[in-house]
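Peer 1: If you read the protein sequences in the order shown, they are chains A and B.
Numbered by this note's numbering, the letters in the first sequence go through residues 1 to 112 in order.
Numbered by this note's numbering, the letters in the second sequence go through residues 1 to 591 in order.
These aren't lab readings, by the way, just hints derived from the structure by calculation.
Wrong hints could be hidden among the right ones.
[Unchecked claim] Straight line, CA to CA, 16 Å or less: simulated EDC-like cross-link-like pairs of lysine to aspartate or glutamate:
no., chain 1, residue 1, chain 2, residue 2
1, A, K30, B, E308
2, A, K74, B, D348
3, A, K74, B, D354
4, B, K362, B, D396
5, B, K357, A, D54
6, B, K522, B, E503
7, B, K264, B, D35
8, A, K29, B, E313
9, A, K74, A, D54
10, A, K74, B, E350
11, B, K478, B, E586
12, B, K404, A, D54
13, A, K30, B, E503
14, B, K345, B, D396
15, B, K511, B, E586
16, B, K36, B, E263
17, A, K29, B, D312
These are the residues of each chain, in order.
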Amino acid sequence: MINFGYTLNKSGAINLVEADLSLYNDLMKKVPSFARCIGCGGCAATCAARQHTDFSVLKCNMLIRRGEYDTLSKELNKCMLCGKCSLVCPRNVNTRAMIIQARLLVNSFSKR
Amino acid sequence: MNQNFHPFVIPFMLGVIFLVIVMIVRLVRWFRMMDKRQRVAVSRNIISFKTLKAIWETIRESLFHRNIFKTNFVLGYMHFCFAFGWLMLIVMGKVEEIFASGKIFTEPWLGIFFKYFEPIGEHYPLQGFFAFVMDLLLLFVLSGLILAFIKRSRSTILGLRKTTNHSPIDRTALTALWLIFPLRLFSESITASYKGNGGFLTQTIGNWLSVLPVETIELPAWWAYSIALCVFFALMPFTRYMHIFTEVLLIFLRKWKVVESAEKTGYTFIELYSCSRCGICIDTCQINSAANINNTQAVYFIRDVREEQLQDEIADNCLMCNRCTNACPVGIEQTQIRRIYRRKKGFDSEKLYDYIKPEAPKDAQAKVLYFAGCMSHLTPGIITAMKQILDNAKIDYHFLDEDKSICCGRPLKQQGFLEQANALMRKNSELINNAGGTVLVTSCPICYNSFAKDYNLSIPVMHHSQYIEQLLNEGKLKVSKKKELRIAYHDPCEISRGHNIYESPRNIITKVGELIPAGNEKDDSLCCGGSLANTIINPEQLTAIRNQTLDTLCINHPDILATSCPLCKKSFQRGGNTIKVMDIAELIALD
Ligand code: SF4
Ligand code: SF4
Ligand code: SF4
Ligand code: SF4
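Go ahead and model the full structure; you've got the sequences and the hints to work with.
Peer 2: If you want it as structure tokens, here you go:
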């Protein structure tokens, strides 16, 4: 390759067409209520973990929908499963089941 | 040939020998699977009064079935007939045989088939008495059998709404068991018809039967009796009837202070095999009675584990309310076992929750540490009330989780994330130790249970109901009674069955208003539908559970429904509900 004396950064754009959405699809089957999320952020506002660090169910939702599984596995482990989010969610999303199943899926994916 | 032998005893003997061998193999395996702590407990307590207590409890529970009697008289009678009646038949058979032969050691089968081998025309002491007693015992067992038959066909007559479904092998063993006693009756009657050695029952039936060709029927009848015994004994270790032995073992181990550990051990199997599949747990479970799900209750969960076909959905579909454990006549700690089977491993335990940095309080060290808990932060009324109470009582306190809460770790533990739970527990212990108080007060029963049972704190833990009661008793807090206020109280699972805190909240309520009775009180309390332990059940089903609970609580139309758990309060308030729900702290602060 010709050296022009500068390089281009790797693109940060997420290509949803090529993204691996297998975990997302599996999770949808395991926790159907996940589909009801409207991204209102209620879960994030109340999150106990978020008082200590940048974390929320909503953020995990986004990562799952975009197929960003590397970041996801670190994020998921921050949740304390305290249950506040599931009590405030206006759409009755089973947030804790989502976190638990996503943790298990991420684990089985990384073993594959 | 020995006159005390006939080939028809061979099936019986084979069955017994097989049973004994399997039992010994199992026992050895289970004991080897116990962990160190459990083995130490056994060796430390085996020679002590605890063993005598265990013997007494065995007689009370395994023979007389006191616990089942308490729950359901007819069911208790049924079990009593089988256990006590059968044992007495064996014991009295042996005694009779000793009297008849004059020897202590005789062929092991003699007592079982005594009527056949009893010599004609010989007389021995108490002959008539034995004939009478043996018939009476047989009649006693048969009466239980009739009840068992009714239970199978129409469980509602015995006051059970649902009875357990059985696997083919269970059914075969059941059939064999049911045949044993009628066959015994038949064989003894046939023999009595020509020997004249029967009692009031067998002789009477024998006389009727004498119209039949008794000589030809006699041997086949005794063969059938022996084969039924053989089939039952041989299948026993693989069916629910295994509980007959395991239950005794469990009683002893419990008395020797053996407890369930976080991992699967021999003790877990002993608990699992102690389940008699009586089905009492099915009716007590709200997942059955309110949500209409019928494959997840303790009995089914235990069956699935034993048959090695447990699915995660079954293990996870439980509120861990412990209603079933409370009702279980054997006291199987199914919730603990469920946790073991929910265990999720393979997470990097090094860095877990390293984002949490427990802080030391900047202000002077306070005596009382207050921990509201995550759930109280969802019901800020409770926190406001608690602050007001502590201020009114002029208590020097430090609010541990005022703007940042760390979960106590119990929800993680319930879901089987043990490493994660331990990590949070370390963080909270650090937070509490840094603050250096003399007592820890919490508003959340989940946290309370966790701090009191799972943590190893150096200071005492109190639930706010206990603490407020103490403040009232010490006169630090004054309230005035409002006569017109009618209050019903809901016992939250975690401090009722979990810790037997029943009186403190009630004493508080009587100081503010009139405590009126509700349905399902104290250790029989229902779930608010907010349980964090179940991640499977859907919101509609949870609402059905909640509504069932609200209906029973409000049978006497209270003005206020009081509880002492933020999660219960939240669940009762959600989704349109007209009754006013208050925490006991709010009741006091309302003053
Ligand atoms: S509160 Fe519920 S609907 Fe809103 S973002 Fe969170 S999960 Fe989605
Ligand atoms: S369960 Fe997890 S995501 Fe939900 S509020 Fe608690 S810490 Fe946050
Ligand atoms: S768990 Fe207890 S109550 Fe349920 S079937 Fe077994 S022995 Fe009976
Ligand atoms: S703990 Fe409660 S929800 Fe779970 S099986 Fe027992 S009664 Fe049912």
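Peer 1: If you test the structure against every hint from before, which numbers come out violated?
Peer 2: Structure breaks hints 1, 13, 14.
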